[in-house]
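A.B. asks: Chain by chain, the residues run as shown.
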Amino acid sequence: MINLVWLIPVLPLAGFLINGLFRNSLSKGMTGIVGCGVLLASFILSLLIFGQVRQDGFHAVTVTLFDFISVDKLHIPFAFQVDQLSVLFLLIITGVGFLIHLYSTAYMHEEEAPHYARYFSYLNLFVFSMLLLVLGANFVILFIGWEGVGLCSYLLIGYWFKNIEYGNAAKKAFIMNRIGDLGFLIAIFWMITQFGSVTFTDVFGGAKSASVGVITGITLLLFVGATGKSAQIPLYTWLPDAMAGPTPVSALIHAATMVTAGIYMIARSNALYSLAPVSQTVVAVIGLTTALFAATIALKQNDIKKVLAYSTVSQLGYMFLGLGVGAYTGAVFHVMTHAFFKALLFLGAGSVIHAMGGEQDIRKMGGLRKALPVTSITFLIGCIAIAGIPPFSGFFSKDEILSAAFAKSPVYYVIGLFTAMLTAFYMFRLFATTFSGTFRGTHEQEHHLHESPLAMTIPLIVLAILAAVAGFLGIPDALVPNAHVLEHFLEPVFAAGGEHPAVEVSHGTELGLMALSAGLALVVSLLAWSRFKSKPELAEPTGFGKVLANKWYVDELYNAIIVRPLNGLAKFFVWLERWIIDGAVNGVGRLVQYGGRQLRLLQSGQVGGYVLLMVIGILALFLVELFVKK
Amino acid sequence: MNAIIISAVWGIIMMFSGIVTAKGSTIRNAAIIGLVLLLVCNYLDLIGYHLFPVDTHKMLFFDTFGLLANGIIFASTLIYVLLSGREIENIAQRMPVAECFALIFFVLCGVSLVTTFNTLLMLFLGIEIISIPLYILTGSDKRNLKSNEASLKYFLMGCFSTGVMLLGIAFLYGASPNGSFSIDDLGIGSQKLSALYMAGLLLLLVSMGFKVSAAPFHFWTPDVYDGAPTVFTSFMATIVKAGIFIGFIRLFDETFGDSQPRWQLFVAIITAVTLFIGNITAVFQQSVKRMLAYSSIAQAGFMLLALLSINGLAKEGIILYAAAYSLATIGIFAILIKMKDYTFEGFNGLARHQPLLAATCTIFLLSLAGIPLTAGFFAKYYMLASVIETGHFFWLVVFAVLCAAVSVYYYFRVIQAMYFKDGDAQVLELRPGFKGLLVVVAALIVLLGVFPQVLLDKLYTLVYTW
Amino acid sequence: MGITQILFWGLSILALLGAILVVISKNPVHSVLWLIVVFMAISGHYILLNAQFLAIVNLIVYAGAIMVLFLFVFMLMNLNADTEPQKNKWLKIAGVVAGGSLLLVLVAALKHADMKNQLAVMNKGEIGLIHNLGLVLFQDYVVPFEITSVLFLSAMVGVVVIGKKD
Amino acid sequence: MIPVLLIAIPLIGGLAGFFIKDEKSARGWSLLVSLAALIVSLWGLSLPAKSPMLNADAEWLPALGSRFTVGLDGMGQILCLLTAIAFPVIFIATWRDEYRKAWNFYALMLLSQAGLMGVFLAMDALLFYFFWELALIPVYFLCSQWGGEKRIQATFKFFIYTFVGSLLMLIGIIWLYSHTADHSFSMKSFYDLRNRVGGQEQLWLFWLFFIAFAIKMPIWPLHTWQPDTYEQSPTATTMVLSGVMVKMGVFGVIRWLAPVLPVGTWAWGDTVSALCIIGMIYASLVAIRQDDLKRLVAYSSIAHIGLMCLAIFATTTSGMQGVMIQMFNHGINIIGLWIVIDLIERQLGTRKISELGGLAQKAPALAILLVIVALANVALPLTNAFIGEFLLFSGVYASKATQYNVVFTVVAGLSIILSAIYTLNMIQRVFFGNTNTLTEKAKDIRLNEKIVLAAIVVLIVVIGVYPKPILNLTKETVDLIITKMNYKS
Amino acid sequence: MPINYYIFLALALFCIGVAGVLTRRNAIIIFMCVELMLNAVNLLLVAFSKMHQHALAVTNPQAGIDGQLFVFFIMVVAAAEVSVGLAIIVMMYRNTHSTDVNFLNRLKH
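Protein chains in written order, with our numbering: chain L, 1 to 630; chain V, 1 to 466; chain X, 1 to 166; chain W, 1 to 489; chain Z, 1 to 109.
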């Protein structure tokens with residue numbers, strides 16, 4: 001069975017090719033069937049493989065397809081590694097991916113057939129890349145998928161290519177990703193020189209004998225890659241802009257794929273990070289900062305998708321905090337739960353937007369609860385989950401990270417907790433503004449309001465269930481001993497990285513912390529709910545609120561310190577090119593011409609002059625003879 | 001000896017042919033026969049069959065180098081007459097054709113002397129025999145003030161350089177240990193040279209430099225080449241120059257060869273100046289004819305490299321260079337004569353009206369520029385290689401190639417005008433034979449460019465078995 | 001200082017003086033005449049050096065034939081002093097300076113020549129006599145001698161061609 | 001045998017082409033000839049490496065010590081294949097371009113192919129120089145005759161520029177020749193020179209060669225001929241220039257410089273690398289600000305070639321392998337880009353990015369194909385260029401020839417980002433957004449163009465996924481060169 | 001007489017000739033100055049000839065005779081040159097009615 005693992009990515013690839021090549025001849029129905037069908041097939045395959053992997057005593061299996069690059073002593077096979085971590089991700093990707101595909105068949109139904117097919121082919125390609133990323137048995141295959149998802153995000157964000165703004169957002173995503181990718185790439189080169197290989201087993205095996213400095217360097221560079229892909233400071237600004245794409249795409253990017261790539265990669269490299277405490281600290285600090293930072297911005301956003309986007313950035317920050325403090329399982333756990341509730345939230349938002357005829361500003365919504373019952377309920381579940389209110393999934397995963405952070409340093413915990421409160425606040429602000437109160441849109445929209453079709457609601461319901469119950473996969477020891485299914489499942493992967501450095505927190509403390517965070521989340525949620533239930537925030541924010549609404553002016557800052565100087569430099573180079581470098585070349589030519597014009601004057605036409613010059617020539621020769629020593 | 005006597009005699013025959021017939025074509029045919037005869041006899045000489053066993057009392061020495069050079073020169077002259085001979089008749093309203101051909105033969109006689117001289121006296125006489133007819137040919141367009149002016153300038157400066165040369169010879173005579181002009185006796189060896197000897201050497205360098213238009217003794221060249229009737233410019237710039245160059249090499253090889261390190265620097269300076277002035281000044285010319293005059297200076301600069309590094313490669317190379325340069329220049333001049341307008345603009349759009357003419361002209365120009373696949377490339381190759389072989393004067397080599405790059409600029413201006421610019425280049429009437437011959441010349445150039453050894457094989461074996 | 005020395009110096013001064021006057025005379029005819037003086041002085045030198053044949057030839061060919069040709073041409077053209085406009089003063093100075101420096105440089109170059117004890121013997125030796133010269137000329141130098149005929153032929157043809165009125 | 005055929009077929013075909021005074025037949029003829037060359041090249045690929053068919057040797061200039069020695073080693077195979085593929089592709093892609101006196105155009109194109117083949121096949125220094133120049137002449141005529149408005153000046157600059165370089169190289173060749181043990185131009189004698197030419201001499205000899213190659217590649221700051229020439233040339237010629245001709249420089253360094261003058265190469269490695277890197281960043285930045293599509297691609301080419309040159313001087317096996325494969329890839333990719341640009345220009349009569357926009361609506365197939373080619377240009381994984389650049393960068397990073405390898409990698413790596421910027425900018429501004437009055441009337445591509453571009457895309461992906469055959473092909477050459485470059489051994 | 005005297009005398013005459021060529025504008029006079037130069041050389045050759053005779057008289061009674069013969073040839077050549085030169089000058093004069101060389105500047109640059 002495991003040998004068929006290559007089918008898992010190949011099926012979406014086939015879907016991509018079929019939909020892409022025959023986009024003009026396929027009907028929408030066929031397209032949808034192909035697009036979703038391949039994902040479903042992959043999901044089933046993943047389940048089957050999962051069945052094998054979860055058996056006790058399973059060791060990671062490497063499936064080599066062919067020799068990819070083989071130069072000198074460096075051999076990079078095109079190989080897949082199947083182990084607990086990759087299977088878990090496989091399930092998340094194909095499962096959530098399938099739901100999103102399904103959802104899309106309805107959501108995108110108004111598109112023309114060729115574009116519809118194009119959309120699905122992109123989606124399939126996206127999933128293919130992501131699968132490649134998690135399946136790759138070495139860093140290069142991982143990198144291929146890594147860049148692949150970057151490309152697909154570019155294509156999907158810019159899906160409506162007529163709009164130049166969307167195009168810019170797509171471009172920004174790609175370029176930001178590339179900046180991170182460069183770090184990743186250099187890390188790979190470093191590994192090659194250091195270990196002579198990029199295969200996970202070789203690298204992790206060799207890491208113990210390498211110096212801490214080297215490992216720190218490599219891990220930091222890898223982290224640079226991760227900040228790009230997973231939208232961490234300083235490379236996070238592309239993600240909120242990426243809302244330009246169709247909403248299901250946002251769901252895909254934010255929930256199941258792409259942004260989790262960074263988490264996956266660091267989790268995968270836990271063996272390296274465990275050896276580099278400095279890197280871990282950096283990861284934790286950056287993660288935490290990002291979490292807080294994004295959360296503050298989310299407070300003042302009015303675009304339904306933007307709020308969700310910043311919440312994603314913030315949640316990703318959590319995951320990095322988890323990775324940084326050594327709670328790899330917690331981070332992966334959070335990835336999973338996040339995949340569920342964030343997909344749910346985005347799809348719900350999509351449903352809202354669908355109903356609103358494309359409107360995304362929450363200030364123009366309100367009272368949608370009645371018109372969209374399924375959507376509103378599932379959305380509420382999502383909000384509760386993300387806010388960390390027990391017993392929904394978000395609570396468990398977030399709590400695992402927070403307790404690990406507390407063990408590392410209380411400061412981490414306090415900030416993390418504060419961020420969690422902010423999360424609860426802005427999520428319920430969003431929910432309250434959108435779904436309760438009175439409708440604030442146009443009459444036309446009001447008439448148009450309707451619950452979404454089944455193809456959209458079914459994924460919502462499925463995801464809502466998952467968001468609600470997935471937390472039970474990771475019940476902390478403090479509550480029920482040995483109930484942490486996920487930790488046991490993933491143990492082989494993370495154990496390989498060495499002992500967990502986190503100082504164990506006593507169960508009592510942990511329970512206290514849990515109660516504190518759950519209580520605070522609940523309180524803040526209710527606060528927000530009541531605050532915005534009937535009096536939504538409609539005015540333009542002022543003062544500090546304005547700073548937040550404008551995202552701390554980071555885009556403007558980047559523009560001023562990077563984009564503009566770069567443009568200036570480019571302009572200067574163009575000038576240099578024209579006047580100095582080419583000028584020098586042309587100058588030589590002109591000098592020759594000028595010389596010709598001047599020298600020609602020697603040819604005065606006067607015999608006397610000629611003879612005089614001849615005599616001077618003779619004189620010169622004799623002077624050389626007389627005075628130049630030989 | 002065959003060539004000297006036959007050229008002199010044929011000159012006299014040509015002189016009298018004017019009495020027998022006034023028909024230009026007959027006279028020209030007679031000249032062609034004479035040239036073929038010269039070639040044949042020279043070849044006989046080359047393979048050791050001497051028609052006139054004259055005891056020259058060591059005044060002349062016939063070696064392969066000289067005879068091969070003669071062969072090249074006669075062949076070039078033959079091609080020249082075939083291509084442009086008819087044009088001589090066009091200036092013949094003022095100038096009897098027969099006499100012109102007679103003078104050309106006398107010049108050839110002088111050239112044969114210069115290529116085979118063995119005493120300074122013969123060199124002197126040879127140069128004078130070359131020069132005097134040339135003064136006249138230059139001025140042969142008697143009503144044309146430019147022609148007059150060119151002739152007088154050439155004459156005055158030529159006499160001056162003769163004076164310089166004689167002073168040099170006198171010094172050498174004074175320095176020679178046993179009072180002789182024979183170059184066998186002048187070779188003093190590599191010991192320290194007397195001041196007299198050195199002064200003589202320098203003066204000879206100057207005067208020979210003058211004859212081959214090496215800077216700064218080149219000033220007559222542009223004016224004379226420009227002023228002279230184009231058909232004779234072609235003759236002067238190619239055949240005569242090549243001939244004198246052979247003599248130049250011979251003089252410095254046989255006479256001063258042993259003291260080469262002593263005078264190399266001077267040659268290097270002159271070469272550099274020549275290359276510089278020739279190439280740079282040519283850049284700004286508006287008339288193709290005058291550009292070719294400057295280019296001939298530039299080419300002389302390249303040939304001087306052979307003088308700098310007299311060795312096997314140089315002597316081989318100078319023969320090839322002479323051939324390559326003469327063929328290409330004769331070809332271009334033959335085309336130039338057919339042009340109504342000698343300026344660069346006059347060539348605009350030639351390729352459209354006369355594709356064949358333009359194509360052959362391009363090959364000639366490429367050869368002059370030294371692009372591979374043409375004889376000019378190997379010619380330049382040999383020159384550079386000979387200097388590099390000596391291991392000194394590397395800077396000069398680099399300088400030479402930079403100048404060669406400059407030369408591309410003005411040669412390609414013609415190509416640009418012909419091919420890439422619009423215009424209607426006016427061309428005089430062309431005979432099919434003329435075109436055919438141009439193609440043959442171009443083919444020869446390409447042949448030499450691919451297999452230079454065709455020409456050099458004989459020389460090579462001889463040079464290295466010496 | 002014997003008679004030969006006195007003659008040497010006298011002739012030398014005469015030659016130099018004549019030469020300078022050739023250059024600076026305004027009237028071309030005067031120049032020609034001064035040139036004849038120079039040639040005579042040089043012929044005198046030849047005689048001193050026992051090269052009688054050359055002395056005579058010099059007188060006959062140069063002073064006699066060639067200079068007369070010059071005079072003819074002057075008369076033909078009716079040239080007199082006024083027809084020659086003044087050359088640019090600076091060019092003139094440059095010419096004189098250049099000529100002077102050439103002399104200086106040549107003298108400097110040859111000053112140290114090892115010629116101190118070399119003598120040009122005077123009044124001795126037979127080689128300058130027509131008998132000896134003739135023998136050598138027609139034996140060893142027969143080739144160049146014949147070759148000069150080509151030179152003359154070409155000069156003749158040239159002069160005829162150029163001089164002929166059309 | 002095969003090398004001779006590879007040179008002779010286009011040469012004779014080209015010469016014959018001058019006499020086919022009919023546009024259509026000339027076009028067909030040239031396609032036929034180039035396809036014949038392609039078949040021969042493929043035949044050559046199918047033979048084992050030691051096959052005697054892959055070499056030919058004949059007397060040429062015995063007195064000069066030069067022989068007509070041609071042979072196909074791995075590097076030759078790959079570059080000849082590139083040349084052989086490029087020409088038919090170009091002919092098909094520009095099938096509809098109109099030329100005045102088209103037969104001359106096609107004949108000259110074939111002649112340039114012969115010259116290029118000769119360069120890649122020559123195993124004798126003088127022969128190499130011969131072909132080096134010969135490849136230039138037809139291109140000069142092509143550009144000057146059929147180019148844009150300022151073609152004469154632009155191509156003339158190009159010609160003189162390259163001519164200066166090659167003359168300097170000629171000096172170098174002669175100098176080395178005169179120091180060979182057996183007075184021979186053969187490659188073997190040249191490779192044996194490393195023990196006979198002292199370090200001091202190698203220091204300056206290096207530049208004689210390198211300038212020639214650097215101009216051809218081109219390396220900053222000797223690159224200024226390139227954008228002008230690309231801009232002014234007819235697109236078919238630009239494809240030859242950028243697709244194949246710039247590889248002459250890279251090839252020259254690998255075959256005739258690095259193994260011959262290892263000390264010089266080592267000593268100047270850092271300097272040259274610095275130039276390459278400056279060039280990469282510089283060209284990328286300048287590319288960002290270009291409005292003319294051709295100029296943009298020209299500058300991007302400078303950046304890419306800079307990376308190849310950088311990797312050569314890294315003296316690592318993987319870097320060198322990267323150069324080999326990247327030479328091929330770059331040729332394929334850039335020809336693809338030119339085809340697209342040519343299509344746009346032919347349809348709309350402009351290359352100005354600012355005048356275009358929204359083409360993806362009108363020409364979706366074109367847009368998709370361009371995007372793929374452009375992504376290959378920015379070295380996205382699973383395209384051929386990724387393999388190349390990955391190896392190049394890893395080679396540079398692993399270099400032991402320089403102590404600045406990390407700096408070089410990082411700074412050069414910035415060009416990856418910059419290349420994404422200008423490429424995406426270009427795609428966006430040409431294909432995305434709304435149409436304007438000009439692009440309103442654009443149509444999608446025709447079948448022949450689609451086929452050519454699709455073929456290129458297939459090549460891009462196939463090599464990107466399975467580069468092994470090509471890597472294996474050049475393995476031996478790379479090992480040889482690296483061994484020779486390691487002068488200490 | 002020491003040979004040096006003759007050398008310097010000849011050089012002086014030669015250089016006066018050169019100076020004449022440089023300073024005068026009349027073609028004929030320039031030509032005459034060239035003749036002056038040739039004569040200086042002739043004188044030098046004869047002097048050298050006598051020097052060689054003196055130095056080599058023991059071994060070769062004919063020593064030095066080459067110099068005098070050379071002078072003879074120079075005279076021959078000079079005569080030929082003069083005829084051609086004067087013919088050219090006359091031709092020039094016919095067209096321009098001047099023998100001024102400064103007048104000759106149609107050809108330049």
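Just so you know, the hints here were simulated from the structure itself, not pulled from any lab data.
Any given hint could be a false lead.
Below, a list of computed lysine-lysine pairs in the DSS-like style, where the Cα atoms sit at most 25 angstroms apart [to be verified]:
(1) W:21 / V:435
(2) W:484 / L:73
(3) W:362 / W:443
(4) W:157 / W:24
(5) V:23 / X:164
(6) W:475 / L:28
(7) W:441 / L:162
A.B. asks: Keeping to a limit of 25 angstroms between CA atoms, is the pair of residue 362 of chain W and residue 443 of chain W held or broken?
C.D. replies: 6 angstroms, holds
A.B. asks: For the pair supplied as a hint, residue 441 of chain W and residue 162 of chain L, confirm whether the alpha-carbon distance does not exceed 25 angstroms.
C.D. replies: 16 angstroms, holds
A.B. asks: Holds or violated: residue 157 of chain W with residue 24 of chain W, Cα cutoff 25 angstroms?
C.D. replies: 32 angstroms, violated
A.B. asks: Quickly compare the C-alpha distance for residue 21 of chain W and residue 435 of chain V to 25 angstroms and report which way the hint goes.
C.D. replies: 20 angstroms, holds
A.B. asks: Can the restraint linking residue 484 of chain W and residue 73 of chain L be considered satisfied, given a maximum Cα separation of 25 angstroms?
C.D. replies: Holds, because 19 angstroms separates the two Cα atoms, which is no more than 25 angstroms.
A.B. asks: Run the distance test for residue 23 of chain V versus residue 164 of chain X: straight-line Cα separation, threshold 25 angstroms.
C.D. replies: Distance of about 20 angstroms is within 25 angstroms: holds.
A.B. asks: Given the hint that residue 475 of chain W pairs with residue 28 of chain L, test it: the Cα-Cα distance must not exceed 25 angstroms.
C.D. replies: Outside the cut-off at roughly 49 angstroms; violated.
Hints 4 and 6 from the earlier list are contradicted by this structure; the remaining hints agree with it.
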